[in-house]
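S.K.: These are the residues of each chain, in order.
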Amino acid sequence: MNDPRPELDPLSALGPLNPVPDAEALRDPARSAELLRRVLSDATASVRVLPSSRQRRQRRIIVVVAVGAVAAAAAFAWVAVRGHDDPLSLSCYATASLESDRTQVPPAHGDPRNICASEWVAGRVTGTRSDPPPLIACVRDEGSVAVLPATRGTACSRFGWADLDPNANRQADFVIRAYDQLVAAFRSEPCLDLHEAHATARRILEANNLDWIVSGPPEFPAERPCASLAIDPNERTVTLVPVPRLPAADG
Amino acid sequence: MERAFVAFFNEHEHKLRAFALRRTASPAWADEIVAGVMVIAWRRFNDIPPEAPFGWLCGVAFRVARNDERGRRRYVRLIDQAVAEAETRPLVAYLESDALLAEQLEAVVAAFQVLGDLDQEVLRLVAWEGLNGRDLAAALDTSEPAARKRVSRARERLRAAYLAVTTDSVDDRRAR
Chain A
0 MNDPRPELDP LSALGPLNPV PDAEALRDPA RSAELLRRVL SDATASVRVL
50 PSSRQRRQRR IIVVVAVGAV AAAAAFAWVA VRGHDDPLSL SCYATASLES
100 DRTQVPPAHG DPRNICASEW VAGRVTGTRS DPPPLIACVR DEGSVAVLPA
150 TRGTACSRFG WADLDPNANR QADFVIRAYD QLVAAFRSEP CLDLHEAHAT
200 ARRILEANNL DWIVSGPPEF PAERPCASLA IDPNERTVTL VPVPRLPAAD
250 G
Chain B
0 MERAFVAFFN EHEHKLRAFA LRRTASPAWA DEIVAGVMVI AWRRFNDIPP
50 EAPFGWLCGV AFRVARNDER GRRRYVRLID QAVAEAETRP LVAYLESDAL
100 LAEQLEAVVA AFQVLGDLDQ EVLRLVAWEG LNGRDLAAAL DTSEPAARKR
150 VSRARERLRA AYLAVTTDSV DDRRAR
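Quick note, the sequences are listed as chains A and B, same order. 0 is the number of the first residue of the first sequence in numbering that gives the first Met the number 0; add one for each residue after it. 0 is the number of the first residue of the second sequence in numbering that gives the first Met the number 0; add one for each residue after it.
Calculated directly from the structure, the hints in this document are not laboratory data. Keep in mind that the hints are not guaranteed to be accurate.
As the list claims (entries may be wrong) - Pulled a few chain A residues facing chain B out of the computed Cβ check, cut under 10 Å:
| hint | residue |
| --- | --- |
| 1 | 10 |
| 2 | 13 |
| 3 | 23 |
| 4 | 26 |
| 5 | 39 |
| 6 | 125 |
Built from N, CA and C at the ideal position, the CB exists for glycine as well.
Next comes chain B alone, as it looks inside the complex (with noise of 0.2 Å):
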């Protein structure tokens, strides 16, 4: 079993350390997540769905980092950092001004920020581990059906709560 368990630490341990690093933006903190969940895959090395180990072990990881106070706090500031950082990164063509891009990634992050943990999770899955099928099901420990039925709903509620959000600011520029 090492021989197959080093064969799978070689191939997802970097990605599972961009995982955490996305959550907690502390190397250390981010070697100490891989560390417990590598073990942890190892003690139920055979539970891991064969189809899926990326997905299964981003669902360990995320129940292990959501529900940690301290990490929480760290990935608010690391998004406050990204928006700054986002002023001068190049990103999708059709916006038309970095002026634009900064308010609508501020708003983008304001409408992430009133979701649920669940939602907030969900839609991370997908946006930057880009998890879909098999592995988005096997990381939610549900079905694909069902895991498609909840980037549906997350997905919804990101847009509703963008639309509130710039909507608002909308409405501000129109009152000054």
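Next comes chain A alone, as it looks inside the complex (with noise of 0.2 Å):
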């Protein structure tokens, strides 16, 4: 018996399940006009500028943390804007080819191959499932690991980069200890106030041996009483960025 269901291009289906079908019905001037209140506020807060002095032209990295089990929102991914210079940065290759497609992963303690492996697995470095091959993995030039299938001939010296010596202590180590401990700490309450968190941080910075700033501004407003942070390894530097106390778990 054939299936008397007509054919369904699939991908045309998704239009439909549109949750939000018409973004011109979220203008709202007054919630938008709060927001660039807002957005002006935090990127003119006491951080510091990352200066532009470099001759190569580099993405910083900031990392916001959220703080407590609900307060996601400020929970930008490590990777949202980590660009190809950052020494904690891993990418996970799909082919060994510099133009591959490539995902890049928070940092993490453990062999980098066994971390892109999971990524692999996941179905995240090629947009499908799948058993990863064998990797090798590789420094680049400005200290980023790269992780590459380990097809016959792939050397990480073809691409003019060093082999990764897993035994080799390096500072990114250290910081991806330090930023997993205060990862912990923030998101283990429920609401760090200014002076709580630029106490923890100033803490766990110390006691990793991290010669850091903590800035951030003076006072938090009322209405954004929690820290979240902002972590730049490149400018050594954790800021306190204010955020709203959100509601308990919804589900």
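Put the two chains together into one complex; each comes in its own frame, and the hints tell you how they fit.
M.R.: Written as structure tokens, this is what we have:
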């Protein structure tokens, strides 16, 4: 018996499933004005302005970490603005080619090859879940790590990169450890105020022998009393960012 | 620069908010994502490609949203809700009945969820944000040819997954 259903283009069928079909209907001048005011306030807050004096154009890394279990609103991904010049960056390449699709993953302890292998299994390297091929890890010019499929003849030197020595103590490891501890400390509390956040960040940085700056506004506005973090390893700065106290988890 | 940024903000904010709402289903959270992405846009204003500003914004926002587990869970619930609502929503003309429509949409959703995160987002950018060409390339942080290739691959994977799901359901009906 033939399937009675007419042929359906599944991509076309995604359109009607659009949860917000009409973006124009979201125009709200009052809300937009308030949001703009907040953006300009945050953007010009007492954050060290990153200089653009370097000879090579580089993107800076700014990570904002959520505070508390439900403050995901400010949980900007580590990879949101990371550039290719970030020493903590880990790129998982789909093929052994500089033109390859790649995915960037947050910094983590452990063998970068194992980290990227997990990305292959999750389907985030090629778009399809698959077993990872044999992988090699290389250190790029600026210090970031690239993990490529180890096809025959593939060597880091082919791209002018160095082999990653898994036994070497990278400065990145200390920063990653501090990052993990900062994230854990801030997420363990529903809301850290400015002073508590400053003390916590200072304590963790010192415990990891990181001579970094902790900066932020002199006080938080009443509507945003909780602290979130912006971490910039290149500038060795942790910036405290005010965020709203959000309601309890909505599932 | 502030004047230029304000114009930029006013042009794109509501579209970015729609992008965020489609992935979070939370107005408060969508506001936070929009604010955060726009702060990044302020700081990197000179890096935004003038020919594809909204694509650039989508790229930043996508990398924000996809790395948040709570957003992923919310998105799954949103799809379930969309499928439930589809039974009473007028859709493409060639579908013969609401019953078929709901069943086919369920199959599309099931197929979509089998895809990897990147494929899903590529298809969302095309089907929901309406991106193509330079905007899509900017969102995916790649070249236009590479972006087209990604769309083509993702589309084929979705089609294959959809066929697999619908073949299974036809076999189930035959077996009854």
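S.K.: Tell me the hint numbers this structure goes against, listed in increasing order.
M.R.: none
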